[in-house]
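Engineer: Start from the sequences, fold in the hints, and give me the full structure.
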Amino acid sequence: MLNSTIMMGFLLTGFSDVWELRVLHAITFFLMYTVTLMGNILIVTVTTLDRSLHTPMYFFLRNLSILDACYISVTVPNSCINSLLDNNTISKAGCVAQVFLVVFFVYVELLFLTIMAHDRHVAICQPLHYPVIMNPQICIQMTLASILSGLIYAGVHTGNTFWLPFCQSNVIHQFFCDIPSLLKLSCSDTFSNEMVTIASGLGIGGGCFIFIIRSYIHIFSTVLKFPSGADRKKAFSTCVPHILVVSVFLSSGFYVYLRPSENSSTIHDMVLSVFYSIIPPLFNPVIYGLRNEQIKYAINKMKRMFIQEMYRKLLRLTLNY
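0 is the number of the first residue of the sequence shown in numbering that gives the first Met the number 0; add one for each residue after it.
What the hints contain is simulated information worked out from the structure, not anything from laboratory work. From a predicted model like this one, the values you see are computed outputs, not experimental measurements. It is possible that part of the hints are untrue.
Stated by the list, open to error - Below are the SDA-like pairs computed for lysine to any residue, each with C-alpha atoms no more than 20 Å apart in a straight line:
#  : residue 1 : residue 2
1  : 302       : 91
2  : 295       : 212
3  : 224       : 213
4  : 91        : 187
5  : 224       : 238
6  : 183       : 212
7  : 183       : 158
8  : 91        : 163
9  : 232       : 244
10 : 300       : 41
11 : 91        : 206
12 : 295       : 65
13 : 232       : 295
14 : 300       : 285
15 : 224       : 212
16 : 295       : 7
17 : 295       : 37
18 : 183       : 161
19 : 302       : 52
20 : 91        : 213
21 : 91        : 73
22 : 91        : 154
23 : 91        : 7
24 : 302       : 319
Structural biologist: Below you can see the structure in the form of structure tokens.
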């Protein structure tokens with residue numbers, strides 16, 4: 000009991016013991032990670048350099064892209080390396096850090112998505128009041144409040160989890176450290192931990208989801224009053240994908256985190272965790288950025304400027320010779 004209580008590390012679970020499948024998993028995850036990172040970095044770069052995109056909508060989009068790039072970096076690279084090296088060990092400190100960061104990024108991601116829904120609601124339903132309601136100072140305050148409350152939220156849940164003694168096993172049935180998998184390893188009563196997780200998850204996640212749906216109901220009711228045409232199509236093309244991503248993000252997270260711990264299926268949980276840990280960071284840049292006409296115009300403008308600059312440098316080098 001003493002040795003297990005002070006265990007210094009854990010073993011994560013891989014998707015397969017077959018070498019070929021491990022390589023396939025590593026390649027698939029690496030490709031998704033690369034696409035996600037490139038898409039989010041591109042959006043951050045464009046929205047930072049182009050002054051015409053210095054508006055509340057793109058301010059939150061830039062914040063979301065930075066968050067997504069950090070969020071996916073917590074779990075995916077480590078999982079790829081573990082698959083290739085067939086070494087699934089993770090130190091206790093590494094596990095603590097992973098739990099804290101995953102909870103923090105999930106919490107802040109949800110708040111950012113909620114704020115962005117509110118931003119669209121104000122822009123479409125209250126356009127005359129938009130500069131006042133979404134002024135730069137309020138945008139910064141909402142961002143800082145999300146981050147600070149996320150640090151507190153993640154700290155409380157991480158502390159409650161690792162305060163428990165672990166004596167069942169050191170094998171975590173997940174490809175990264177998460178709270179539900181760790182609670183199954185504890186040799187003490189985890190009922191209070193599970194209740195806190197369920198209550199906070201339903202309160203915050205459910206509250207944000209209701210707020211997002213309510214915002215989009217108002218948005219749709221306003222958009223339907225528009226004359227049919229480009230404006231209505233543009234509004235629906237942004238709103239519907241956002242609702243789908245939020246729904247997948249919340250439903251998969253709720254299923255894994257709020258389900259009773261005894262009802263467990265390792266592979267099933269691992270696959271579902273992909274939907275809240277990888278899919279949102281992968282699709283958010285596409286939904287919010289790369290399908291946006293202003294973003295595409297800014298990217299093309301930067302591309303033309305880059306080509307012109309390279310041409311001038313090449314011409315200068317040629318004339319020097």
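Engineer: The structure should be examined with respect to each hint, and the outcome stated for every one.
Structural biologist: Here's how the hints hold up against the structure:
1. Distance check on the hinted pair: residue 302 and residue 91 sit about 46 Å apart at the alpha-carbon level, beyond 20 Å; violated.
2. For a cut-off of 20 Å, the pair hint linking residue 295 to residue 212 is broken: about 28 Å separates their Cα positions.
3. Simply put, residue 224 and residue 213 have alpha-carbon atoms about 17 Å apart, close enough for the 20 Å limit, and the pair holds.
4. The suggested pairing of residue 91 with residue 187 holds, with an alpha-carbon distance near 18 Å, which does not exceed 20 Å.
5. A distance of roughly 16 Å separates the Cα atoms of residue 224 and residue 238; the hinted pair therefore holds under the 20 Å criterion.
6. For a cut-off of 20 Å, the pair hint linking residue 183 to residue 212 is broken: about 34 Å separates their Cα positions.
7. Annotation: proposed proximity of residue 183 to residue 158 holds, straight-line Cα distance about 16 Å (limit 20 Å).
8. For the proposed pair residue 91 and residue 163, the alpha carbon gap of about 13 Å is at most 20 Å, so the pair holds.
9. Distance restraint check for residue 232 and residue 244: the Cα-Cα separation of roughly 19 Å lies within the 20 Å cut-off, and the hinted pair is therefore satisfied.
10. This hinted pair checks out: residue 300 and residue 41 have alpha carbons roughly 13 Å apart, not beyond 20 Å.
11. Pair hint residue 91 plus residue 206 does not hold up; C-alpha atoms about 33 Å apart against a cutoff of 20 Å.
12. Taking the CA atoms of residue 295 and residue 65, the gap is near 19 Å; set against the 20 Å cutoff, the hint holds.
13. Distance restraint check for residue 232 and residue 295: the Cα-Cα separation of roughly 17 Å lies within the 20 Å cut-off, and the hinted pair is therefore satisfied.
14. Straight-line distance between C-alpha atoms of residue 300 and residue 285 comes to about 19 Å, which keeps the hinted pair within the 20 Å bound.
15. Between the alpha carbons of residue 224 and residue 212 the distance comes to roughly 19 Å, so the proposed pair stays at or under 20 Å and holds.
16. Taken as a hint, the residue 295 and residue 7 pair is broken in the structure, with Cα atoms around 49 Å apart against an allowance of 20 Å.
17. For a cut-off of 20 Å, the pair hint linking residue 295 to residue 37 stands: about 15 Å separates their Cα positions.
18. A distance of roughly 12 Å separates the Cα atoms of residue 183 and residue 161; the hinted pair therefore holds under the 20 Å criterion.
19. With a C-alpha separation of about 16 Å, the suggested pair residue 302 and residue 52 falls inside the 20 Å cut-off, and the hint holds.
20. This hinted pair does not check out: residue 91 and residue 213 have alpha carbons roughly 42 Å apart, beyond 20 Å.
21. The hinted pair formed by residue 91 and residue 73 meets the criterion: a straight-line CA distance of about 15 Å does not exceed 20 Å.
22. The suggested pairing of residue 91 with residue 154 holds, with an alpha-carbon distance near 16 Å, which does not exceed 20 Å.
23. For the given pair, residue 91 sits about 5 Å from residue 7 by alpha-carbon distance, which is consistent with the 20 Å threshold.
24. Our distance criterion of 20 Å between C-alpha atoms is broken by residue 302 and residue 319, whose separation comes to about 26 Å.
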